[in-house]
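> These protein sequence lines are chains F and E, in that order.
Numbering-wise, the first sequence is residues 335 to 550 according to this note's numbering.
Numbering-wise, the second sequence is residues 335 to 550 according to this note's numbering.
Hints are supplied without guarantee of correctness; some may be wrong.
As the list claims (entries may be wrong) - Stretches of chain F that chain E covers, calculated by requiring three or more beta carbons in the stretch to come under 8 angstroms of a beta carbon on chain E:
1. 440-451
2. 481-492
3. 529-541
Stated by the list, open to error - Residues from chain E that face chain F, not an exhaustive set, calculated with beta carbons under 10 angstroms:
4. 384
5. 387
6. 449
7. 489
8. 495
9. 515
10. 540
Quick caveat, the hints were computed from the structure, so don't treat them as lab data.
Even for Gly, the Cβ is constructed at its ideal location relative to N, Cα and C.
Here is how the chains run, residue by residue.
Protein chains: 2
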Amino acid sequence: MASPNEPKTTAAGSRAVGLTREAIVVAALATMDRDGIDAFSMRRLAAELGVTVQALYWHFENKDALCLAVVERARNELAAVPLGRGTPARRLEQHLRALRSHWRALPSAMALGRRFPPSAAGAFVDQGVALVEEIGFGPDEAIAKYRALVWTVLGFVFIEQGVTESVHHHPLDGSGRRYEVTVDDGTVGATSVVDTEFLFDDVLRMALTGLAAAAP
Amino acid sequence: MASPNEPKTTAAGSRAVGLTREAIVVAALATMDRDGIDAFSMRRLAAELGVTVQALYWHFENKDALCLAVVERARNELAAVPLGRGTPARRLEQHLRALRSHWRALPSAMALGRRFPPSAAGAFVDQGVALVEEIGFGPDEAIAKYRALVWTVLGFVFIEQGVTESVHHHPLDGSGRRYEVTVDDGTVGATSVVDTEFLFDDVLRMALTGLAAAAP
Chain F
335 MASPNEPKTT AAGSRAVGLT REAIVVAALA TMDRDGIDAF SMRRLAAELG VTVQALYWHF
395 ENKDALCLAV VERARNELAA VPLGRGTPAR RLEQHLRALR SHWRALPSAM ALGRRFPPSA
455 AGAFVDQGVA LVEEIGFGPD EAIAKYRALV WTVLGFVFIE QGVTESVHHH PLDGSGRRYE
515 VTVDDGTVGA TSVVDTEFLF DDVLRMALTG LAAAAP
Chain E
335 MASPNEPKTT AAGSRAVGLT REAIVVAALA TMDRDGIDAF SMRRLAAELG VTVQALYWHF
395 ENKDALCLAV VERARNELAA VPLGRGTPAR RLEQHLRALR SHWRALPSAM ALGRRFPPSA
455 AGAFVDQGVA LVEEIGFGPD EAIAKYRALV WTVLGFVFIE QGVTESVHHH PLDGSGRRYE
515 VTVDDGTVGA TSVVDTEFLF DDVLRMALTG LAAAAP
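Isolated chain F, as found in the complex:
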């Protein structure tokens, strides 16, 4: 298949005029958010954009390449966040809350996470690592600790998203944070309430307290 780096002589119209990589990625994410990632296909996206499927393949070698670009775009949109003047620990907390909010607002990109794990990069990561260093860790240690924090937060968002789409968690109100979950453990069904905001506070507090305790 043709890739942008090795354009081939193809049938007239393979490269749709004005169709950019960027426009395709934006349209792909919008389509996924509307119809779900399972319904997504190159053919449907082409129809949506009013171009031939070959025009999409001119920009992306295959569907995987496009999915990867969707997740990378989502990640690269995450810029360093304004953090105010608190302690390093307090600013790191704000930073990690921003990480959760960012990915939480991108359900399709998160749902692609099974093969295209979400991550953080660029200026956002630089900011986070610098905060861990301020807490007292050396440069290499700071990178390792920061990665552990990012995995904790992104893992949380993933489970949270699963709860939102889950067939056995039922929203208790319109808040989007409280769910009733019925667990059938083989003998009796037990019902309990999950409050994802409360849970995230706990997860984050444990991780940050643990980090502070490990500072040299």
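Place chain E on chain F using the hints.
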């Protein structure tokens, strides 16, 4: 569609002789592990089992119901684990490592997590909550803290599984724990090494240290 609770008069042979719910769930998981969850369908599973698709629908109302049963079976197989005689914190660590190992060995059930979040239940949960109580928390607080720990561990496993299947993480050796990841942040590609065992140690240590620090 016919469900086990409201059997209908259907065409002869709808209920295949000797076909149990259990056998269907076991076969579904094996098929998913072999072919991936995207390729899974009731039709293919029926062909695999040599029964009609109606015979499956006699036991499961739809594919969602079967997927839920697969995840529930995976969860219910997790029994209380032998923990030795260490401190409560040390035993809780072993317990949470067992949780990771259990779900990690079930890639298909984890991959279903987007709509059927993995969890823990029954005797396993009782064991975990009791350990958090031993550390010093009251009953309600212990349940909340234990849930935060479970989400931290399961979220980690989810991201870890994504890395295993990822198109942009490349295994560095046969260990299944070390990956080279290339992040394209829009300007330059940066390559770094992720060691999932090391990372899990960090995630768990932070959470458990944080938990201990929060004990009354």
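> Would you mind marking each hint as holding or not holding in the structure?
Quick rundown of the hints versus the structure:
Coverage of the region 440-451 of chain F by chain E holds in this model, with 6 residues showing a Cβ closer than 8 angstroms to a Cβ of that chain against a need of three. Only residues whose beta carbon comes within less than 8 angstroms of a beta carbon in chain E count, and the region 481-492 of chain F has 10; three or more means the coverage holds. With 7 residues carrying a beta carbon less than 8 angstroms from a beta carbon of chain E, the region 529-541 of chain F meets the three-residue requirement, and the given coverage holds. The closest approach between the C-beta of residue 384 of chain E and any C-beta of chain F is roughly 28 angstroms, which is over the 10 angstroms cut-off, so the hint fails.
Among the interface hints, the one on residue 387 of chain E is violated; its C-beta lies about 20 angstroms from the nearest C-beta in chain F, farther than the 10 angstroms criterion. Hint on residue 449 of chain E holds. Least Cβ distance to chain F is approximately 5 angstroms, under the 10 angstroms limit. This hint holds: residue 489 of chain E has a C-beta 2 angstroms from the nearest C-beta of chain F, less than the 10 angstroms allowed. The closest approach between the C-beta of residue 495 of chain E and any C-beta of chain F is roughly 7 angstroms, which is under the 10 angstroms cut-off, so the hint is satisfied.
Among the interface hints, the one on residue 515 of chain E holds; its C-beta lies about 8 angstroms from the nearest C-beta in chain F, closer than the 10 angstroms criterion. Interface restraint check: residue 540 of chain E against chain F, minimum CB-CB distance 3 angstroms, threshold 10 angstroms, status holds.
Hints 4 and 5, counting from the list given before, are not met by this structure.
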